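One line per chain: the protein sequences are A and B, in this order.
Numbering-wise, this note's numbering puts 1033 at position 43 of the first sequence, and it's gapless, one number per residue.
Numbering-wise, this note's numbering puts 156 at position 154 of the second sequence, and it's gapless, one number per residue.
Since the hints were made in silico from the structure, they are not lab data.
Keep in mind it's a predicted model, so treat the numbers as computed, not measured.
Cβ atoms here follow ideal geometry from the backbone N, Cα and C, with glycine treated the same way.
Hints should not be assumed to be uniformly reliable.
Chain B is faced by these chain A residues, among others (derived, beta-carbon under 8 Å) [unchecked claim]:
| no. | residue |
| --- | --- |
| 1 | ILE1162 |
| 2 | GLN1165 |
| 3 | ALA1169 |
| 4 | ARG1249 |
| 5 | GLY1322 |
| 6 | VAL1324 |
| 7 | THR1327 |
| 8 | THR1329 |
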Amino acid sequence: MANRKLMKGNEAICYGAVAAGCDAFFGYPITPQNEIPELMSTLMPANNAVFLQAESEVSAINMVYGAASAGKRAMTSSSSPGISLKQEGISYIAGAELPCVIVNVQRGGPGLGNTQAGQADYFQTVKGGGHGDYKVLTLAPWSAQECYEFMPLAFDLADQYRGPVAILMDAIIGQMLEAVELHGDFPSIDRSKTWAVTGTRGRAHNVINSLWIDVNVMEELNIRLQARYRTAERDEVRYAEYQVDDADLVLVAYGCPARVCRTVVDLARQEGLKVGLFRPITLYPFPTARIAEIAKSGSQFMAVEMSCGQMVEDVKLAVNGAAEVLFYGRTGGVVPTPTEVFNFVVEYGVSSCAADKRA
Amino acid sequence: MLKRQEVIIAGMGGQGIMVIGQLLAHAAVMEGSSVVWFPTYGPETRGGFAECTVIVASEEIGSPVTSTPDVLIAMTQPLLDKFAPTVKPGGTIFVNTSLAEPPTNCPNCKIVGIAANDVATELGNVKAANMVMLGAYVGMLKPVKLESLKASMEEVLPEHNRRFIPANNAALEKGATLVGV
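Chain B on its own, in the form it takes in the complex (with noise of 0.2 Å):
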């Protein structure tokens, strides 16, 4: 089990931000981890910026809030701009290359580019371009299993959206098998 990992993920509205960091939290409450999830994000229901933070550990959290994420989660470009100055060194970022570039100011974290939304589209719907890069951060860092998140869908997902699950979970092992697992 992780001790502590603080997470950013941060697009903008529309791209299922949200979902994939409450996923990640349920599937490390079902782990037996401590977890906070929290949102911030403008009045626009699509279009806006969209952040969420998740911070797992293994032992009671304090600050739900962090400056200083151990990953990011970048979904677009101006959002990668925001927060990728801010990760800790020795920290990953990983970046939606279909709708950003790649960071050329950040030489102590990694760098993880995964083109989500081109590989969605070749899975059959764009709209899994978070599952992607969900299923890449999970596949890399291991903040918990693909089968927990899996596992959290049912619970996560609103009703009219569990018809996605299975495309969800393809997603997810398509973002793990291209970051080498």
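Isolated chain A (complex conformation) (with noise of 0.2 Å):
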């Protein structure tokens, strides 16, 4: 108990990062991130790490770029717009094979929005939001305690892929207060980057780029990326799944929509009804084997989230048709409560499963 901290996400995030040994945070306010900067502003300092407010999110994520060339572990954060404007920069930091961790506090959008929970961002997030054929690595927490556990993995994660990995969160996730564990018990890896422009004393020029004039250059990079993203689609996908083995409907649901879900279950399950949740935890690579394994036990999925419907295309594609897929979404700021969920499981999940099997 003597380890418990009543924290929000948003803090854990700075745990977390401090526990990845991160060298260097730049980032410009938004809500609903700010808790992120503001302790990272003593944290970094007091770990004889780099913290620096820039002048915009754009010259933040340029700074990760920076900073990342040099080999040091770089991170920034914001929320929707202010991920939106650093999307050129991921797309160089991708394209010159740079680890850096990005953390998105998605709000209700598109434009400005509003300052309350979204996950509108998922297709700008797994789908490469920037230019060019490139993929970002993203871990989605559902709780205080991931927020700092996921960190140190996401640093990782990027130094063995050499580029960005997202931590793909809502308002919800990042203000919400919970107990967390802050136990540092984290694997450590080679951190070496021979590839960084260190200085040359001893050796010859490393090139950090993004611009690649040859034709056939360009295409080698990019055969050399497609090949590191199918080893984590083989190597890197992450799931959980709660009371799914009999589920007749499986609910499909990520951040705090998966929090609600998992009392959705309950619900369900207090009144006979076979629902379970499937969580995707790394949304890139998606568990699309597992969704597709599933599918073929016979099992209809609801893609539950704050959006008109995104991720809900990622499980169409895993179930290839094999079972039919519902969506149930909120937006623009507003969270889906468990009522409201179970009333729509009822009304069009379960019960039409029933008919199926009665017909």
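Build the complex from these two chains, which are given one at a time in their own frames, with help from the hints.
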């Protein structure tokens, strides 16, 4: 009990960054992620690391680009409109094969939107928000504890796959207070970076670049990136299941809606309805194979999101016609409640499922 | 220990809505419970709406949001009007009667009226009205011990507000006394 400390998801991100040995944080204020730069402004200097509030989001992501080029563990955080501004930099970082971590505490959109919770940046995050053929490995925490756990993991994945890694949150995951155990127990991986620009004493020049005039060189880069993505798709898929094994209806959700759906599963089970929850933890690589496997067992699916329907497309691709895929979404900053999701499940999910069985 | 209690605390910015929710959350963690606290507020520093949800449970908490709380602590009329109809049948509504009329449309809920602003003013500082309400709630329904709330003050309050801790503790006790503890 002694190590359990009450903190917001945003604050847990900061302690996770410190545990990961983050060397530098570059950011620019925006709600609902302001607790991150606020806490980092004291945590980073206290750990002999850099905190810098840049003049804009564009500037912050390019500072990450620079620090990552020098082989440092660098990160930035923002919320939806700010993440949009960073997309050019993220594409350059991917093109230059540089590791970094980007935290997005999503809010209502599009446009400037509002400061309440949203999940409408899914496409932008997992399908490549900037230009070019690149992917961003994406982790989706559903608790303050996972915010802490996923930061060292994100930095490790970034180093291993030499590219940007995203932590995709929402305003509720960022703002809610929960008890977190700051255990500090993380695996240590080899962080040496022979490619980094650290001065040429004793070795030839290292070059960090994303401009390749020779089309063959550019194609080679793309082939190298794609090979890494295939490896990630094979080795890095993460997910969690709750009461899925015998479920007639499997809810699929991440972040705050996954928490809501966990309660919906309990409500449904109390009524004798066989409902389960499948929670993708990596949004890219998406747990396609496992969802396809569940679909073969005859379960129906329902994606629940704080968007008009984005992740549901990946669920449909995974199911590939083998099962019906329903969708329930609230958007613009509205958070679905357990009662309304449960009512939707009863009306459109389990009832039609039961009807199919009678037929 | 409580199995599960969902509380919505609502009022206007500046009334200390968030801080009493955080005190409750911190005390619950101290006592080994699971807890989730989350805020909703407008862009105004003072005068806008301010709400927070606190869920205290003996087991892992799923949804951090609720549309049907067990308890409502309402510090102003508009937020009482907004949330009173959502409280579960058999639930409890604590009303700050200095600023709100007790609801007449919640026949299935227990209504507890506390003139929190007046009580706090008598104690010497109207700003402790939030603590009076928290004391009444904790005194009556006992989601946590009053002592755990007091022990949470140091951790939850920013340094510049710690000088109010003795006054806060007195207001908590007064609130508990008003409900007969």
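Could you work out which of the previously given hints the structure breaks and list their numbers from low to high? 5, 6
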